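Undergrad: Chain by chain, the residues:
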Amino acid sequence: MSRGCRFACFLCGVLLLGMVGPFPFNIASSQQSDETTIDVTGLEPLVRRAITGGLRRIEKNPQSHQRHYELAAILDAHEIQELAITYYQKALTLKPDHLPSLYNCGLNYEFLGRNEDARNAWDRILGDQPDHPTTNFRLGEYYLRTGQFEEALTCFKRFGSSRPGSAMAHSRIGRALLQLNRVTESLAELQKVMEIAPRDRPTLITISQAYLRTGNREKAQEIQQRLEEDDSLHDSLVLLDPLRAEVLGRAINSNSCIARAENYDRQGLYACALTEYLLAARGRPDHARLAQRIGVTLVKLAAYARAIEHLDRAIVLDASSADSHHYRGLARLQMGARESAIADFRKSLQLQPGHPLSTEQLEKLGEL
Amino acid sequence: MIDGIDTATAMALAEHTATIKLMDSTDSLAPQQPSKALLWSAGSSSPGMRVPLLLLAIIALSSCQSGTDQPPVSEPPWLVDVTSTTGIDFAYHSYESGSRLLPAHLGAGLALFDADRDGDLDIYLVQGNDRLPATDKQTRDSNRYFRQDAPWQFVDATSESGLADGGFGIGATTGDFDNDGWTDIYVANYGPDVLYRNRGDGSFEDVTEKAGITVAGLTASCAFADIDRDGDLDLFITQYVEFDPKIRCTDSVGQVEYCGPRSYPPARNILLRNDGTGTFSDISTPSGIASSPAASLGICCEDFNGDGWIDFYVANDAYENNLWINQKDGTFVDEAGILGVALNLNGQTEAGMGVVAADLDGNASTDLFVTHLDMESNTLYRNLGEQMGFTDDSGGSGLGTTSINYTGFGVVALDLELDGDLDLLIANGRVRSGPKRSGTQSPPPWDRYSEPNLCYINSGEARFIDGEDIVGDFCQVIESSRGLAAGDIDGDGDLDVVISNIEGPARLYRNNAPRIGSWLKVRASEEKGGPPLLGTTIHVQDGDQIITRTISSASSYATAIPAVAHFGARDPGSRVIIRWPDGDREEFNNVDWNQTIDLYRGEGKKVE
Chain A
1 MSRGCRFACF LCGVLLLGMV GPFPFNIASS QQSDETTIDV TGLEPLVRRA
51 ITGGLRRIEK NPQSHQRHYE LAAILDAHEI QELAITYYQK ALTLKPDHLP
101 SLYNCGLNYE FLGRNEDARN AWDRILGDQP DHPTTNFRLG EYYLRTGQFE
151 EALTCFKRFG SSRPGSAMAH SRIGRALLQL NRVTESLAEL QKVMEIAPRD
201 RPTLITISQA YLRTGNREKA QEIQQRLEED DSLHDSLVLL DPLRAEVLGR
251 AINSNSCIAR AENYDRQGLY ACALTEYLLA ARGRPDHARL AQRIGVTLVK
301 LAAYARAIEH LDRAIVLDAS SADSHHYRGL ARLQMGARES AIADFRKSLQ
351 LQPGHPLSTE QLEKLGEL
Chain B
1 MIDGIDTATA MALAEHTATI KLMDSTDSLA PQQPSKALLW SAGSSSPGMR
51 VPLLLLAIIA LSSCQSGTDQ PPVSEPPWLV DVTSTTGIDF AYHSYESGSR
101 LLPAHLGAGL ALFDADRDGD LDIYLVQGND RLPATDKQTR DSNRYFRQDA
151 PWQFVDATSE SGLADGGFGI GATTGDFDND GWTDIYVANY GPDVLYRNRG
201 DGSFEDVTEK AGITVAGLTA SCAFADIDRD GDLDLFITQY VEFDPKIRCT
251 DSVGQVEYCG PRSYPPARNI LLRNDGTGTF SDISTPSGIA SSPAASLGIC
301 CEDFNGDGWI DFYVANDAYE NNLWINQKDG TFVDEAGILG VALNLNGQTE
351 AGMGVVAADL DGNASTDLFV THLDMESNTL YRNLGEQMGF TDDSGGSGLG
401 TTSINYTGFG VVALDLELDG DLDLLIANGR VRSGPKRSGT QSPPPWDRYS
451 EPNLCYINSG EARFIDGEDI VGDFCQVIES SRGLAAGDID GDGDLDVVIS
501 NIEGPARLYR NNAPRIGSWL KVRASEEKGG PPLLGTTIHV QDGDQIITRT
551 ISSASSYATA IPAVAHFGAR DPGSRVIIRW PDGDREEFNN VDWNQTIDLY
601 RGEGKKVE
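Protein sequence lines, in the order shown, are assigned to chains A and B. Residue numbers in the first sequence follow our numbering, run continuously in steps of one, and reach 368 at the last position. Residue numbers in the second sequence follow our numbering, run continuously in steps of one, and reach 608 at the last position.
Rather than coming from a laboratory, the hints here were simulated on the basis of the structure. Just so we're clear, the structure is a prediction, and the values are computed from it rather than from any experiment. Treat the hints with care, as some may be off.
Which residues of chain B face chain A? A partial, calculated answer using Cβ under 7 Å [claimed, not checked]:
#, residue
1, 256
2, 337
3, 340
4, 347
5, 400
6, 591
Where a beta carbon is used, it is the ideal one built from N, C-alpha and C, also for glycine.
Work out the full structure: start from the sequences and follow the hints.
TA: Printed below as a string of structure tokens:
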């Protein structure tokens, strides 16, 4: 079980046990001299509770930079950026060299368009740790965006030195070189990306541009042809960024839960997916597709009776869903209720003529 | 070739002038360009110093200006909201009831065009709808047509014009599809689109069915262009997504929010070929256009590779952009990737909304500027010329990081102060709820989607500085803006502006910018009384520089712009070179400035 799933399971347990009490709509953080008010009106209950919990932990230990950082990270994970910055700064007041706060504070500045503040935050990190990988990466991106390509190249090279063999590093070095019109060097770097991540579509696109710049239009068009025809190409580069992942893992709103659930589902980790879906449903109790996904996941887990309960609810919320009928049919079939299963499959076909899975089931049952 | 001007044309223009200036960042400091030097130094100074320096520069320039007909006016603001005195009382209604259904936040564009051929511009404003499915049309709040009867005096002529479409409106485009000399209008809807034929008597006829048009998806922007050089206008229609009202989304804190494009299946764009008999055939699939499903919004068309055939650039939301290069046989190939306009410089897709194709760096080739979501920047793709494609110059141009906190939709490139280079105006408005900005004029919930617009003054060769304090009203009103068009509404030679807002009034801004140079408006037609030849490129001289503009009616976001080329110039030349849509060139000499001229094909001197 992954760390994220463990965290979700734990939180789900806490919520299900009802250990989190009621909360005020406006919560004042009064342990600091500069009082901060967080208006949580309208926030999803899960998010409100997370924020409330963060504030209570600060109240218990107002001199803890870690507690301030944790609340900042919760706010950050839910894109409440102005307040996240406030709490990152409070953490930094208590511990000026706290790397996660400095780094993520910089990112929040950047999201708000406060580019100079972002750069200053990251410069502070590099003052102590000149080779800090992801800070160099972020600064490189900043310089790239502001048209300072030599500076960007320097940062990306430092990032690459600390992450040998990183496709992301070669990608960014290649792009900076292309902007500097050092096309041959750029091509060499971009080719290294393709050796590591041979299906990376954006890099292939940039390579085609680089060839065009060298005057080799034929080669560029050859790549273009591949881009048109090869469906297996995709955006495959991911920045490994532990400092950011630690923050984003704190997102517990419905969207993030659903996103994680879908990811688990794709990996076949249905129990983890179910936990995330149930968490999401706490925030959105009347969401038909969510009820359906819970039901479907329960079918995958062979928990047919519970699946039927959730699919019943999904159908109450949205009677037009062919999938909900189909999966309830599957669950009923497994429970031995052949006739009602057939009725569900037929309803699914009625709602979505040609529904392939329902058609297949009815054929198997000799009903088509 | 990618340049909008080739060597022969450049040489022809250069006969009586100095050598064409090469692109060089130091040129903006060259002694022969004192104003630009001042403007540029203002750009590098502190924000507080920019405005005084700019105004000083403009006033200084104006005082020593020779050859201009009108004395400069120095008092700001450059754009003044005159809506209340114009007779235009239109507000786009989203019918937002808390469900946050995607078509509502798309808002709507507009059409700024001369519908009645009386020489001034009329305005068609597109309206939303509260009906789902959108096949139901309602009339209590239809699109409206405002006819301009005198400068800045508009009359609501919706009823008599027959243009009161009650569909779920998104946008409009204009063009004379039947070649009768009267500009027709195509309305983009969520639901069935509508083609209106201009009867020429002040009224329009719904000819959608007669023309064989059955477009019924979620259409955003459209463009009329003659793709096959058969003399009639074909139609490119962007489709956003396969919208499903049952799909609902929430934001990062779990509140109901508009879904992004990736929540729905992508849609396929549509290309309709004009059969020349008043009907259109759907050639989306055989042309190749339908091969790239995406979430398309903005469109512009131009002969991007200079081969005499019209191409299309499509701004896609969260998908790679397309640059459809015309293969001259009814098919198109997407070359956005190799030409460097599919992604940003980090290789990322962005949320393309509005787009403008224009020569922003003054090197006589067409650049592309695309507006995007907040947390992304708007992107300037600068044309490198000589078949080298484009480069993302958002950072170096000053247009990148300054836009990262805004969501851009409509965009226009216009020479506000007639100094020979193009400035930029951008209509902003969020698609995700955010903190309410102080001073917002939108009602809830749109107060949380409102943003100020952006204004950039070109300080020379695509280096832009924030013009908020100079331009004034346009950048200070905080609304949720979408459609944006520029045109010479009052006929005084400079470009005025119209903007549409969600749950807010459409606004008209009169250009009061101090005039640095002279102006020229050029209409180009096959013959007298004929329709404007969309895709015609026009080159004029400004001292030792060449200014290039292309006639198009499709630009911005879901919006139609006047099919007229507008020029400002400090040191205007008397020679005009036209590159007709099929690549043929003619030159016209002894052209006087500060007027509107009509140029007809075959009346100029052929340029080889």
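Undergrad: Determine for every hint whether it applies to the structure shown.
TA: Comparing the hints with the structure gives:
About 9 Å separates the beta-carbon of residue 256/B from the nearest beta-carbon of chain A, more than 7 Å, and the hint is not met. At a threshold of 7 Å, the smallest CB-CB gap from residue 337/B to chain A is about 4 Å, leaving the interface hint in force. A distance limit of 7 Å between C-beta atoms decides the matter here; for residue 340/B the minimum to chain A is near 5 Å, and the interface restraint holds. With a least beta-carbon distance of about 3 Å to chain A, the hint placing residue 347/B at the interface is held under the 7 Å criterion.
With a cut of 7 Å, the hint placing residue 400/B at the interface with chain A holds, because the nearest CB-to-CB distance is about 5 Å. The interface hint given for residue 591/B is broken, as the beta carbon of that residue sits about 37 Å from the closest beta carbon of chain A, more than 7 Å.
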